Amino acid sequence: MTNTIHFNRLDPSVYSKIARTNLRTDMASRAAYTSDASIFRRVPSAILEPHNVDEIRDGLDIAKAKGWKVVGRGGGTSVAGNAIGEGLIIDTSRYFNRILDIDVAKRTATIEPGVVADALRDAALPHGLTYGPDPSTHSRCTVGGMVANNACGSHSVAFGTAAENLVDVTIMLADGREVTFSEGGCDDPEIDAQLKALVEDNAALIDAELGRFPRQVSGYGLHYLLERNGFDTAKALAGSEGTTGIITKLTVKLVPVPKAKALAVLAFDTVFDAAAVAAKLRLPDVATIEGMGGDLLGALRSKVGQEHAGENLPGNRKGIEAGGWLYCEVGAEDLEHALARAQEVATAVETVDYVVVHEQKEMRELWRIREASAGIVTRLPDGGEAWPNWEDSAVPPENLADYLRDLYALMDKYELRGIPFGHFGEGCVHVRISFNFGTEEGVKQFESFMNEAAELVSSYGGSLSGEHGDGRARSALLDRMYSDEMRALFEQFKEIFDPENFFNPGVLVKADAVTQGLRMAPGQRHFELTPVHALSHDKGSMVNAINRCVGVSACRSESGSMCPSFQITGDEMHSTRGRARMFSEMFRGESIGDGFDSKEVEEALDLCLSCKACVSECPVNVDMATYKAEFLHNHYKGKLRPGAHYVMGWLPLLGYIAHKIPVVPTLIDKAMSTKGLDKLIAKAGGLDPNRPLIRFAHTSLRKWHKQHTPVAALDDVAHNGTANSGTAHNNDKATVPPLADNERTVVLWPDSFNSSLGTSPATAAVEVLEALGYTVIIPQQFVCCGLTWHSTGQLDMTQRVLKQTAKVMKPYLDRGLQVIGVEPSCTVMLQHEAAELCDDPTYGAVIKNLARNTHSFSEFIASRLEQFVAAGVIAPGDVSALTQVHCHEKSLGDPQHSAAVLRALGINEEQIATGCCGLAGNWGFEKGHAEVSMALGERELFPKVRKAATEGKVVIADGFSCRTQIQQGTGSDAKHIAEIVRGILDEATYRD
Numbered sequence: 001m002t003n004t005i006h007f008n009r010l011d012p013s014v015y016s017k018i019a020r021t022n023l024r025t026d027m028a029s030r031a032a033y034t035s036d037a038s039i040f041r042r043v044p045s046a047i048l049e050p051h052n053v054d055e056i057r058d059g060l061d062i063a064k065a066k067g068w069k070v071v072g073r074g075g076g077t078s079v080a081g082n083a084i085g086e087g088l089i090i091d092t093s094r095y096f097n098r099i100l101d102i103d104v105a106k107r108t109a110t111i112e113p114g115v116v117a118d119a120l121r122d123a124a125l126p127h128g129l130t131y132g133p134d135p136s137t138h139s140r141c142t143v144g145g146m147v148a149n150n151a152c153g154s155h156s157v158a159f160g161t162a163a164e165n166l167v168d169v170t171i172m173l174a175d176g177r178e179v180t181f182s183e184g185g186c187d188d189p190e191i192d193a194q195l196k197a198l199v200e201d202n203a204a205l206i207d208a209e210l211g212r213f214p215r216q217v218s219g220y221g222l223h224y225l226l227e228r229n230g231f232d233t234a235k236a237l238a239g240s241e242g243t244t245g246i247i248t249k250l251t252v253k254l255v256p257v258p259k260a261k262a263l264a265v266l267a268f269d270t271v272f273d274a275a276a277v278a279a280k281l282r283l284p285d286v287a288t289i290e291g292m293g294g295d296l297l298g299a300l301r302s303k304v305g306q307e308h309a310g311e312n313l314p315g316n317r318k319g320i321e322a323g324g325w326l327y328c329e330v331g332a333e334d335l336e337h338a339l340a341r342a343q344e345v346a347t348a349v350e351t352v353d354y355v356v357v358h359e360q361k362e363m364r365e366l367w368r369i370r371e372a373s374a375g376i377v378t379r380l381p382d383g384g385e386a387w388p389n390w391e392d393s394a395v396p397p398e399n400l401a402d403y404l405r406d407l408y409a410l411m412d413k414y415e416l417r418g419i420p421f422g423h424f425g426e427g428c429v430h431v432r433i434s435f436n437f438g439t440e441e442g443v444k445q446f447e448s449f450m451n452e453a454a455e456l457v458s459s460y461g462g463s464l465s466g467e468h469g470d471g472r473a474r475s476a477l478l479d480r481m482y483s484d485e486m487r488a489l490f491e492q493f494k495e496i497f498d499p500e501n502f503f504n505p506g507v508l509v510k511a512d513a514v515t516q517g518l519r520m521a522p523g524q525r526h527f528e529l530t531p532v533h534a535l536s537h538d539k540g541s542m543v544n545a546i547n548r549c550v551g552v553s554a555c556r557s558e559s560g561s562m563c564p565s566f567q568i569t570g571d572e573m574h575s576t577r578g579r580a581r582m583f584s585e586m587f588r589g590e591s592i593g594d595g596f597d598s599k600e601v602e603e604a605l606d607l608c609l610s611c612k613a614c615v616s617e618c619p620v621n622v623d624m625a626t627y628k629a630e631f632l633h634n635h636y637k638g639k640l641r642p643g644a645h646y647v648m649g650w651l652p653l654l655g656y657i658a659h660k661i662p663v664v665p666t667l668i669d670k671a672m673s674t675k676g677l678d679k680l681i682a683k684a685g686g687l688d689p690n691r692p693l694i695r696f697a698h699t700s701l702r703k704w705h706k707q708h709t710p711v712a713a714l715d716d717v718a719h720n721g722t723a724n725s726g727t728a729h730n731n732d733k734a735t736v737p738p739l740a741d742n743e744r745t746v747v748l749w750p751d752s753f754n755s756s757l758g759t760s761p762a763t764a765a766v767e768v769l770e771a772l773g774y775t776v777i778i779p780q781q782f783v784c785c786g787l788t789w790h791s792t793g794q795l796d797m798t799q800r801v802l803k804q805t806a807k808v809m810k811p812y813l814d815r816g817l818q819v820i821g822v823e824p825s826c827t828v829m830l831q832h833e834a835a836e837l838c839d840d841p842t843y844g845a846v847i848k849n850l851a852r853n854t855h856s857f858s859e860f861i862a863s864r865l866e867q868f869v870a871a872g873v874i875a876p877g878d879v880s881a882l883t884q885v886h887c888h889e890k891s892l893g894d895p896q897h898s899a900a901v902l903r904a905l906g907i908n909e910e911q912i913a914t915g916c917c918g919l920a921g922n923w924g925f926e927k928g929h930a931e932v933s934m935a936l937g938e939r940e941l942f943p944k945v946r947k948a949a950t951e952g953k954v955v956i957a958d959g960f961s962c963r964t965q966i967q968q969g970t971g972s973d974a975k976h977i978a979e980i981v982r983g984i985l986d987e988a989t990y991r992d
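The numbering of the sequence shown is UniProt numbering, which starts it at 1 and goes up by one.
Heads up, a few of these hints could be off.
Said to hold, decoys possible - Okay, derived cross-link-like pairs now, PhoX-like style, lysine-lysine, Cα gap no bigger than 25 angstroms in a straight line:
#1 K637 to K413
#2 K660 to K803
#3 K810 to K706
#4 K69 to K249
#5 K106 to K249
Note that these hints are calculated values from the structure, not bench results.
If you're wondering where the values come from, they're calculated on a predicted model, not measured in any experiment.
Work out the full structure: start from the sequences and follow the hints.
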């Protein structure tokens, strides 16, 4: 990486500080931090990820020496542009994130600011405690950031805002001093005296304009300095949005976890009806009163894999078209009382339907819809874009329904659309709106709307912000809400801490204009390209596709499958969001001016595994694997590619050709497994020498199939009582419906991995299909889904391969034959990506037909297998298994089919939760990736496989990469589900 900031003529002590703080000034790092979860863009001068207080102090000194302003940042989940800036970004989330103490008796936790909310909650849970504020980003937002923005979350009805849960906070001022603030004052006499003077001189003004209702978050919380509130200087700093200093330590309250919970979800005709009754549900033991509009389900169901989402919501389960819902969670000492209280809540107001649940799984499924809202509604049901900014306005709860109606009328006036959701019980509503930032006229319309909306919410006695702070989104509009005197008082408060406007300038006071530095403004489209992929959901535009990422940062979560490389490195550049920001900067052509030749974007994409987790786990289905393929395709046009692109990318064709020549496969396998020689081969091929090479099958699948004698069908055995071995079996078993003539013949897809490398899963699949009554065809000509060419960005070749595949497969498809895939990644490629790539007018239709007729092995056999089990032909076993679901199947397939097969066979399954195994096809073999690849395996997969080996569990992994990773990382041999099924058939049915 090349530094783009030159440190000339600095004091020698500053040089030493730069060295020991590892200041990041490369463009790749800076580009990743250009935005948070807002619509704004600022290119920082440098990034600092401190380990301790001393490094923060050094960072401030460096910034002063360079003339930089300073912005503190946690998880970067701010939707108002609170955590971006053009100077130094101090990101505490990566290293400055220790939980220092949990005092169970006092119910407090002392922590560093970078602690993620869920990490604190997990640490407190064994003591029966939790941290009360819980915004929807609780899996990745930091507590320091929550306090800075005065975040709240769904349980604020019970637990209040971040301010109300703050005991004390320590901040570092521009001169490097640390000052601790708490109830009753602070430990700096001068600041303490200035704060007391400020409140004494202006108590009446403060009392009149601030603290009027719980969700009045806009501006500074000066009302906490009033005598009646205990002169609480800590709470007054909550919501100061990093404008007073950098948080270095804080103590927060912990609250007891209810022993029992129940959730009442209430359905209404309209979202206005839901809003009108929300305030009436602030009843004893009610912890949440969350609302959302009916259109949200349409937006959710437009996402990949979410077509049936929300079927369990009240209204939907009875076929009633509800227009709004309220989520009311109650807590109690025992389940009986929790259920009774939830039932009281559900019947306290008139609804069109309601449901009360208490099982964790049911509650989680319902909550998932609400918590995903912030990302879901960034794309409207028809695919249109919607953006935050009028994001979290709030009014006194009794005014919410009227305010919402007027807000909708205002959107109609400007021909804008949006889907509301939020904390209706406290009058706070979130909405993403279909602003058009692509034209100057659209930007002017946005500005006009923001001004009118500010006037509107103020007319209802409301607040521009109800929990996320004002940031760059709304600070300039505070004059609609507060008097000139109050805004002058805000400036006076800021100057007590930061007279030089050193921290987060442009926020709260001396504010940036709401149109300043919009990320999606017309200038973003400095250049565009015609992508190879159709990008049919993004109007054929890469910029539109990149703009899917609004920044909700689910990719930074430590749970789930996305994003594997971020989970290992903790580096924003290696998150899906960070990579999206890099692409955005590349298309803008300012900070990254080399277009597809960019080394910065290449660096950011290097650790992208193309695992596809973002396609399903990102609320707006960002598809970084596709964007990476497009980038590599353009980046290497007319250039020599890395060796691994040739060796691994062309592996399907090389394997096919090699198996046409006798002895060659055996020689290749011996060479690749010979010690010393394998290292030379790896080095010559651009592969990582620190991991073993793959094995090569001596006999290909196609050759095996030519010589193969089909096994007897189970229905024949059931009817005739005979088997291949001649052994008679019980012929009194129930009959299984015979297959229709047009169903008997199927095509097994000869993917390259199971055809040329390890053939046992495919041969097992053939025998299982035959046992179930099918005749199996395997094409002898070369066919391929193009996966390895696609993942290495060789898209021209991918298209050529798909055309060849279409030629070979057309006769089979014309006969109506179904195609069975054994390798999940290839199956998913055929079902999804291939159709987006084959634009040939002749063969495109064939590929689409192939996509429609391709099924995973488990999907195809599940119902047929269940018939044999129900008929008693197959006796289920009692086996425990650990399953590694392939990341592509988890993302774009349906693992439930495999789960159904295992259940039918009496196999108790435990699934690996972390998604990608860490090998990810060619990626884990590429030079420089072995260490990270193995570290990914150690997240969960390797430890559980080792444990399974000691417990006698079967390990199941359908992906060739997954099985390879497991064997190389643990020494254990995992099996494909086809091998498991064949084994059970061998043991339990018709063979001796």
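Restraint status (C-alpha distance of K810 to K706 at most 25 angstroms):
Within the cut-off at roughly 21 angstroms; holds.
Given the hinted pair K637 and K413, is their alpha-carbon gap at most 25 angstroms?
violated, 48 angstroms
Would the pair K69 and K249 pass a check requiring their Cα atoms to be no farther apart than 25 angstroms?
holds, 21 angstroms
Within 25 angstroms, alpha carbon to alpha carbon, are K660 and K803?
With a Cα-Cα distance of about 22 angstroms, the restraint between K660 and K803 holds, given a limit of 25 angstroms.
Agreement of K106 and K249 with the hint, judged by alpha carbon distance not exceeding 25 angstroms:
holds, 18 angstroms
Taken one by one, the earlier hints fail for this structure only at number 1.
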